[in-house]
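K.L.:
Here is how the chains run, residue by residue.
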Amino acid sequence: MLSISNLQVSIEDKQILKGLDLQVNAGEVHAIMGPNGSGKSTLASVLAGRQEYEVTAGEVIFNEKNLLDMSPEDRAREGVFLAFQYPIEIPGVSNINFLKTALAEIRAYKGLPPLSAKEFLQLVKEKQQLVDFDAKLTNRSLNEGFSGGEKKRNEIFQLAMLEPTLAILDETDSGLDIDALRIVANGVNQLRSSGNAFVMITHYQRLLEYIVPDFVHVLYNGKIVRSGTKELALELEEKGYDWLKESIDTQNAI
Amino acid sequence: MITQISSSLYQQLVSSFEDPLHTQETLEERRKKAFEKFKDNGFPTSKAEEWRFTNIQSVLSENYQIGVHLPGQAVNADMAKIEDMDAYRVVLVNGVYRHDLSDIIEEQGVVLSSFIDAAQSETLNKHFAQYADKSENPFVWLNTALSNNGFFIEIQSGKLVQKPIHIVHISVADSEAFFQTRNLIVLEKNAEAQIVETFVTEEGSSKTFANTVTEIVVDENAKLEHYYLQQARSQSSFNNHTEIIQRKYSLYNNYNCTFPGASFVRNTINVRMDDPNIESHLYGITLLADNQLVDNHTVVDHMEPHGESYEWYKNILQDSSTAVFNGKIFVRLDAQKTNAFQQNNNMLLSGNATINTKPQLEIFADDVKCSHGCTIGQFNEDAKFYLQARGIGEEQARTLLVHAFAFDVTERFKNESIRDHVNHLVELGLKHN
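Sequence lines, in order, name chains A and B.
For what it's worth, our numbering labels the leading residue of the first sequence as 1, then goes sequentially.
For what it's worth, our numbering labels the leading residue of the second sequence as 1, then goes sequentially.
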């Protein structure tokens, strides 16, 4: 589904990603972990199409198409979804109108007719329940005055509504208390299927107790330096990143 | 001082005044007095504080003809149509009331006519040039002196007009033309009306410059909803002066919207709250493009106690356009317990756009609540990216964000058809580049 090879990315002449490789297949859940400043959020932003980043080398193929050639909106329409680390507040745009517009544009791109008002509201109701999203919030301005947890839940609600094939969760667990975390994880688990894939970017092993990944990767200094199964996350939790950093830096020194 | 460049128009106006056909006998004294003042002052220059950011020399320097009235000119008033609004329609071409294109209102208690047809009426004689002329605007004096064209609306005591009155102002000329329009709106006690004025340009018209003065009297407990929709093309320039005089317990709401097109627009809207317990709302949406210059000058004059005013203007500027906002709030010594609010927000969508904004509060009473605020900003790129990342195209994302910016104001529009119309014009007026 997603194939990243030798991805190199800079921002303001500073190289952040230094040749990253990653293969994600349908039905898989990948976790990307790593210390601060290793390039985790850069990876998420580049995949979603944020303009400030400059791709200097490498390629990203998504469902046989070159993802990096597409505008952010076309990536979303092709089925890429980024759950933002810091969702934006947009006063004056209602949550529900925003979703209606987004869904209509994605459907139009796929050659599907827009949903009727009734079908749309039914879908909203169904997905609200699935991710336990407060119905009161759907009619409010987009994220305006939402608590941190409500914003993150809104991301998962949007994810449920738009049904992407590849969802990238950028530190969705940060700022969540344990109850909110459980709700968000529960939503994600219900959305998992053989047809879609998840890439979770996280600092902590905590999230992985609730959403169990098929693969865990460690990103350090712009590259994936180790990949494994969920046991790798436990090992990291136990030993910390320093243990990895040291072994990598020693290798590089040689 | 009058510069060389504007003297040709000035000379024409002087000789035109001396033509006896242009004076109304009963109102002659007022006209003469006004003209003396205009002659003493001339056109304002940018040295005058009220015109500091709005240089009218280039507008005045065109080679205008005066008195171009084109009787019977075929025009397309449907340009001004507002979807789903059932209204009485009145058409003015270069300020001249067109009976052949205007509806007749058969409701009891509603008088609607051309200004000249009302010249003998007691109401007009009572109010003409009694308010606007005191505001020291040379364009008003010029208009008082020379204008015979325009409309007259009188809503009699206790009358609620059943439908909005939609006034369509059409500018059209074969060669450069200057014309003046004089309007009077009087709502007697307990009367209620909705008046919508749309400004359009006939396709293919030459340059025009319209100097319009509207005096509005909102008597005790009367309510007026007043909409301005500036939709003219780039050939058209406007100086519009609106002077509102309110009596106790009355309500006046003005919704002032300007869209891409007209190259020069100066609106002066002065609300005189000349009694206790008056309420006024002024809303503005200005969306500009190309080289437009649009200047909104407002005065909210709290003269007596217990007045409430609420003003909110939003400017959205594209290309090399310029907007000017000046909002004055006066709270006079007697105007205790006044509650006045003013807000002006500006969004600059291009590096070449300019906003000159000047909120101005002068408060002489000591027991009042007044607040004002002003912001200047740009597109929020993060917000745009967020929308795009959900599959919303860039154009649509920009449109959504501009609507969101305008929303605080557009949501206050009482007439839903006009609100939809304005939202639609905002969408059309946004350039997608």
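Note that these hints are calculated values from the structure, not bench results.
A portion of the hints provided could be inaccurate.
As the list claims (entries may be wrong) - List time: in silico BS3-like cross-link candidates among lysine-lysine, alpha-carbon distance up to 25 Å:
hint, chain 1, residue 1, chain 2, residue 2
1, B, Lys248, A, Lys100
2, A, Lys100, A, Lys18
3, B, Lys414, A, Lys110
4, B, Lys81, B, Lys126
5, B, Lys384, B, Lys248
6, B, Lys431, B, Lys134
7, A, Lys223, A, Lys245
8, B, Lys248, B, Lys358
9, A, Lys151, B, Lys384
10, A, Lys100, B, Lys369
11, B, Lys414, B, Lys223
12, B, Lys328, B, Lys223
K.L.:
Tell me the numbers of any earlier hints that the structure contravenes, in ascending order.
P.N.:
1, 2, 3, 4, 5, 6, 8, 10
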